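Colleague: Listed below are the residues making up each chain.
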Amino acid sequence: MSTINHHILSVLVQNRPGVLARVAGLFARRDYNIFSLAVAPAEDEGFSRITIVVDVDSAPLEQITKQLFKLIEVVKISELDPHRSVERELLLATVKVSPEHRGQILELATIFEGKILAVGLEAITISLDGHPDKLDDFEELLGGYGIVELQRTGRVALPKLEREARVRAVKGKAG
Amino acid sequence: MKMTGAQALIKSLEMEGVEVMFGLPGGCILPAYDPLLDSSIRHVLVRHEQGAGHMAEGYAHVTGRPGVAMVTSGPAATNMVTPLCDAYMDSIPMVCITGQVPTTAIGTDAFQECDTVGITRSVTKHNELVMTPQGLPLAVRQAFRIATTGRPGPTLVDVPKDVLQNTMEWYWPTDAEVNDSLPGFRPNIKGHPRMIKEAAKLIVAAERPVLYVGGGILKARAAEALRELAEMTDIHVVTTLMARGAFPDSHPLCLGMPGMHGNATAIAALQRSDLLIALGARFDDRITGKVSTFAPDAKVIHVDIDPAEQGKVRRPDVPIVGDCRLVIEELIRAIRDLLQGGAVRADTSAWKSRLSGWREQFPLHYEPNEAGEALKPQFCLELLRDSAPEGTVVVSGVGQHQMWASQYWKFDEPYTWVNSGGLGTMGFSVPAAIGAKVGRPDRTVWAIDGDGCFQMTAQELVTASVERIPIKVGILNNSYLGMVRQWQEMFYDERYSEVYLSPELPDFVKWSEAMGCVGIRVDSPEEVQPAIDKANSIDDRPVVIDFRVDAREKVFPMVPAGMGNDDVILPESQMPRKDALR
Numbered sequence: 001m002s003t004i005n006h007h008i009l010s011v012l013v014q015n016r017p018g019v020l021a022r023v024a025g026l027f028a029r030r031d032y033n034i035f036s037l038a039v040a041p042a043e044d045e046g047f048s049r050i051t052i053v054v055d056v057d058s059a060p061l062e063q064i065t066k067q068l069f070k071l072i073e074v075v076k077i078s079e080l081d082p083h084r085s086v087e088r089e090l091l092l093a094t095v096k097v098s099p100e101h102r103g104q105i106l107e108l109a110t111i112f113e114g115k116i117l118a119v120g121l122e123a124i125t126i127s128l129d130g131h132p133d134k135l136d137d138f139e140e141l142l143g144g145y146g147i148v149e150l151q152r153t154g155r156v157a158l159p160k161l162e163r164e165a166r167v168r169a170v171k172g173k174a175g
Numbered sequence: 001m002k003m004t005g006a007q008a009l010i011k012s013l014e015m016e017g018v019e020v021m022f023g024l025p026g027g028c029i030l031p032a033y034d035p036l037l038d039s040s041i042r043h044v045l046v047r048h049e050q051g052a053g054h055m056a057e058g059y060a061h062v063t064g065r066p067g068v069a070m071v072t073s074g075p076a077a078t079n080m081v082t083p084l085c086d087a088y089m090d091s092i093p094m095v096c097i098t099g100q101v102p103t104t105a106i107g108t109d110a111f112q113e114c115d116t117v118g119i120t121r122s123v124t125k126h127n128e129l130v131m132t133p134q135g136l137p138l139a140v141r142q143a144f145r146i147a148t149t150g151r152p153g154p155t156l157v158d159v160p161k162d163v164l165q166n167t168m169e170w171y172w173p174t175d176a177e178v179n180d181s182l183p184g185f186r187p188n189i190k191g192h193p194r195m196i197k198e199a200a201k202l203i204v205a206a207e208r209p210v211l212y213v214g215g216g217i218l219k220a221r222a223a224e225a226l227r228e229l230a231e232m233t234d235i236h237v238v239t240t241l242m243a244r245g246a247f248p249d250s251h252p253l254c255l256g257m258p259g260m261h262g263n264a265t266a267i268a269a270l271q272r273s274d275l276l277i278a279l280g281a282r283f284d285d286r287i288t289g290k291v292s293t294f295a296p297d298a299k300v301i302h303v304d305i306d307p308a309e310q311g312k313v314r315r316p317d318v319p320i321v322g323d324c325r326l327v328i329e330e331l332i333r334a335i336r337d338l339l340q341g342g343a344v345r346a347d348t349s350a351w352k353s354r355l356s357g358w359r360e361q362f363p364l365h366y367e368p369n370e371a372g373e374a375l376k377p378q379f380c381l382e383l384l385r386d387s388a389p390e391g392t393v394v395v396s397g398v399g400q401h402q403m404w405a406s407q408y409w410k411f412d413e414p415y416t417w418v419n420s421g422g423l424g425t426m427g428f429s430v431p432a433a434i435g436a437k438v439g440r441p442d443r444t445v446w447a448i449d450g451d452g453c454f455q456m457t458a459q460e461l462v463t464a465s466v467e468r469i470p471i472k473v474g475i476l477n478n479s480y481l482g483m484v485r486q487w488q489e490m491f492y493d494e495r496y497s498e499v500y501l502s503p504e505l506p507d508f509v510k511w512s513e514a515m516g517c518v519g520i521r522v523d524s525p526e527e528v529q530p531a532i533d534k535a536n537s538i539d540d541r542p543v544v545i546d547f548r549v550d551a552r553e554k555v556f557p558m559v560p561a562g563m564g565n566d567d568v569i570l571p572e573s574q575m576p577r578k579d580a581l582r
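The listed protein sequences derive, respectively, from chains A and B. Take the first sequence: its letter number 57 is residue 57 in our numbering, and every next letter is one higher. Take the second sequence: its letter number 525 is residue 525 in our numbering, and every next letter is one higher.
One should not assume that every hint holds.
Pair ranges (Cβ atoms, derived) [stated by the list, open to error]:
{"id": "1", "chain 1": "A", "residue 1": "Arg29", "chain 2": "B", "residue 2": "Trp487", "range": "37 to 45 Å"}
{"id": "2", "chain 1": "B", "residue 1": "Pro506", "chain 2": "A", "residue 2": "Asp57", "range": "47 to 55 Å"}
{"id": "3", "chain 1": "B", "residue 1": "Leu339", "chain 2": "A", "residue 2": "Asp133", "range": "35 to 43 Å"}
{"id": "4", "chain 1": "A", "residue 1": "Pro17", "chain 2": "B", "residue 2": "Trp172", "range": "19 to 27 Å"}
{"id": "5", "chain 1": "B", "residue 1": "Leu339", "chain 2": "A", "residue 2": "Pro17", "range": "37 to 45 Å"}
{"id": "6", "chain 1": "B", "residue 1": "Ile106", "chain 2": "A", "residue 2": "Leu117", "range": "50 to 58 Å"}
{"id": "7", "chain 1": "A", "residue 1": "Asp57", "chain 2": "B", "residue 2": "Phe491", "range": "32 to 40 Å"}
{"id": "8", "chain 1": "A", "residue 1": "Arg29", "chain 2": "B", "residue 2": "Asp317", "range": "26 to 34 Å"}
{"id": "9", "chain 1": "A", "residue 1": "Leu90", "chain 2": "B", "residue 2": "Asp34", "range": "53 to 61 Å"}
{"id": "10", "chain 1": "B", "residue 1": "Leu37", "chain 2": "A", "residue 2": "Asp57", "range": "55 to 63 Å"}
{"id": "11", "chain 1": "A", "residue 1": "Asp136", "chain 2": "B", "residue 2": "Met3", "range": "54 to 62 Å"}
{"id": "12", "chain 1": "A", "residue 1": "Arg29", "chain 2": "B", "residue 2": "Met3", "range": "37 to 45 Å"}
{"id": "13", "chain 1": "B", "residue 1": "Lys290", "chain 2": "A", "residue 2": "His131", "range": "40 to 48 Å"}
Derived list of chain A stretches under chain B, where covered just means 3 residues or more per stretch with a C-beta under 8 Å from a C-beta of chain B [as the list claims (entries may be wrong)]:
{"id": "14", "stretch": "72–84"}
{"id": "15", "stretch": "111–118"}
Hints listed in this document are in silico derivations from the structure and should not be mistaken for laboratory results. If you're wondering where the values come from, they're calculated on a predicted model, not measured in any experiment. No residue lacks a Cβ here, since even glycine has one placed at the ideal position from N, Cα and C.
Modelling step: build the complete structure from the supplied sequences, incorporating the hints.
Modeller: This is the structure we're talking about:
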């Protein structure tokens with residue numbers, strides 16, 4: 001789950017029916033791999049931001065962005081360097097809690113600054129947001145106790161403010 | 001002014017300057033066919049929706065204007081998928097209007113409902129489902145803008161029946177409104193000045209330069225600019241399958257077609273070059289052969305309006321994103337400036353003498369007809385070519401006949417060659433020829449077809465007869481799926497699997513006559529010329545000539561699939577001297 005071979009594309013699109021299908025279809029059609037994907041309305045009305053983490057082993061990033069740019073509804077693509085951007089992801093996990101482990105799991109959640117969302121007799125549901133690497137660690141540690149269900153959102157990212165100059169807007173909107 | 005969505009749709013098409021459309025009505029598109037009766041737009045009623053699509057393509061090929069097809073929902077829309085994909089692969093501007101079930105029925109698996117926008121998403125440049133009559137004019141304007149701007153391509157507008165039936169207040173969006181509605185569509189047409197300067201430097205310094213010209217030259221209406229560039233720099237030109245006619249075959253600098261079935265000189269010119277100037281070409285696998293062995297010593301200048309083509313197959317040394325015509329004009333200026341500034345052209349004379357040596361040693365070649373033996377397809381093509389009136393448009397299907405047509409015809413004018421290059425759509429030629437003839441009624445249009453291809457879409461000859469569109473069809477009939485046969489002979493130990501079509505059925509003459517055409521059968525070499533003369537003299541109905549040709553004839557040269565261009569197989573008589581191409 002390391003980010004070494006991954007790049008983050010922040011794609012601003014017109015918020016119209018079928019846009020996500022176009023983006024997803026393009027990745028499938030050209031045999032590119034999506035590692036994770038998050039979509040939500042952007043700051044401007046009428047636009048959405050899609051954060052795509054791309055597995056760049058599947059194709060050169062340049063070709064992926066150029067093909068993405070050919071979609072009419074894609075307005076802007078920024079490539080975010082993982083080292084120069086802020087990334088967040090949300091994790092929800094329901095974990096088995098036997099009486100002897102309850103304390104340990106709660107302690108773990110506290111250390112990671114997670115929240116207990118629901119408590120049952122034999123399980124609890126925890127939420128944790130943060131850098132995806134932190135979520136990876138948390139998930140690994142919880143694994144020892146028995147994860148019943150787990151859901152992650154896929155990461156969202158924005159450029160780090162002080163380094164904003166280093167964001168590379170991908171040039172050359174396609175015809 | 002109040003009007004129905006249907007009226008607004010037709011009026012929008014009129015406003016876009018549509019003079020003809022190809023289509024077939026049905027349930028959901030029915031409302032649009034009513035105002036069509038009162039419209040200035042000519043409608044050509046096809047016999048199968050695929051035909052409408054290919055006709056629109058043929059029309060666009062020869063006129064440069066977007067071809068328009070209109071069909072109903074469901075099966076009609078799915079029948080349109082092949083032409084859309086064909087147009088997408090070959091960058092043909094085309095607008096397709098499809099009917100859709102009423103908005104209230106969408107998603108219910110209604111009669112003749114299909115997810116047209118979903119199905120055609122990957123074979124269109126853009127598509128749109130219009131949910132209100134008020135949205136129709138903008139959707140139509142966007143469709144035409146997108147289809148014709150930047151790299152051309154097909155677009156589709158899907159219109160539910162109730163959107164056609166309901167009323168709207170007519171308005172026509174301004175250019176600015178269309179522009180604002182497409183914030184993500186800003187094609188870059190002007191090449192980067194620094195890159196153009198870099199390119200000029202490489203051109204001046206190259207000792208073995210070649211202009212590698214693709215279909216983008218024709219899309220950019222850049223044939224004249226290309227000629228000026230070639231003549232000014234005295235650099236030879238190869239024209240790909242999609243660019244035949246972009247540079248005159250009769251020009252001393254023209255080397256003809258490279259690629260899998262290109263001529264030996266054009267192939268070797270690319271292979272031995274030290275500078276490829278790729279203009280509107282996309283390094284297709286049929287041109288490059290095995291990419292790792294393609295033009296190993298060449299630097300690459302790549303001019304293309306689609307940035308995604310830069311570096312897709314071969315990394316260019318100088319990428320230039322822009323319209324080919326504009327970039328070539330700038331390039332000419334930049335080269336002039338360099339030379340006037342004292343730069344000295346590298347010596348290309350050794351290269352030129354190599355090229356002319358190759359041309360002498362490796363002409364296109366086939367063994368001519370022996371008395372009493374079967375007719376050679378190349379011979380038929382040579383007579384067709386030599387008898388064709390000036391300006392004749394040639395439209396081919398896909399396979400051996402297509403390659404022979406491209407090899408043996410002499411194209412001296414742009415937009416006189418129409419074929420399915422990227423998708424390789426068998427059955428393309430008859431409907432595309434009809435579309436071409438509609439677009440250029442002043443021209444003779446010859447469809448060069450194979451017997452396999454012809455049987456896929458021949459029913460459109462009924463359309464041609466009824467609509468008085470007098471195309472001519474020459475079927476190079478070898479009773480085989482000839483190209484497949486050739487591969488099975490060469491690469492599958494002559495194990496012929498499912499390639500033999502009946503030599504008796506269909507009776508192409510009777511079939512043609514049944515469709516209102518004149519049908520002529522030709523079996524022997526001496527019958528060829530009279531048949532062609534007769535066909536050329538008929539102008540009031542379509543003509544079909546069934547040339548019964550030698551099934552053993554193969555297309556050469558040939559670069560076997562997956563091999564490098566240096567592994568080209570030449571006609572037998574030339575193989576012993578093949579090393580001269582190194």
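Colleague: Starting from the hint 54 to 62 Å, judge whether the C-beta atoms of Asp136/A and Met3/B obey it.
Modeller: Taking Cβ atoms as reference, Asp136/A and Met3/B lie about 60 Å apart, which means the hint holds.
Colleague: Using the Cβ atoms, figure out if Asp57/A sits within 32 to 40 Å of Phe491/B.
Modeller: With a Cβ separation near 33 Å, Asp57/A and Phe491/B satisfy 32 to 40 Å, so the hint holds.
Colleague: Should the hint that Lys290/B and His131/A are 40 to 48 Å apart at their CB atoms be regarded as holding?
Modeller: holds (45 Å)
Colleague: Cβ-Cβ distance between Arg29/A and Met3/B: within 37 to 45 Å?
Modeller: At 39 Å between Cβs, range holds.
Colleague: Falls inside 26 to 34 Å, the C-beta gap from Arg29/A to Asp317/B?
Modeller: holds (29 Å)
Colleague: Given the hint of 37 to 45 Å, is the C-beta distance from Leu339/B to Pro17/A inside that range or not?
Modeller: violated (55 Å)
Colleague: Could you see if the CB distance from Leu37/B to Asp57/A stays within 55 to 63 Å?
Modeller: With Cβ atoms ~58 Å apart, the hint holds.
Colleague: State, for the Cβ atoms of Leu339/B and Asp133/A, whether the hinted interval 35 to 43 Å holds or is violated.
Modeller: violated (58 Å)
Colleague: Determine whether the Cβ-Cβ distance between Leu90/A and Asp34/B falls within the hinted range of 53 to 61 Å.
Modeller: With a Cβ separation near 54 Å, Leu90/A and Asp34/B satisfy 53 to 61 Å, so the hint holds.
Colleague: Against the range 19 to 27 Å, how does the distance between the Cβ atoms of Pro17/A and Trp172/B compare: consistent or not?
Modeller: Because 24 Å falls inside the window, the suggested range holds.
Colleague: For the pair Ile106/B and Leu117/A, does the Cβ-Cβ distance stay inside 50 to 58 Å?
Modeller: violated (38 Å)
Colleague: Do Arg29/A and Trp487/B keep their Cβ atoms within the hinted range of 37 to 45 Å?
Modeller: violated (27 Å)
When each numbered hint is compared with the structure, violations occur for hints 1, 3, 5, 6 and 15.
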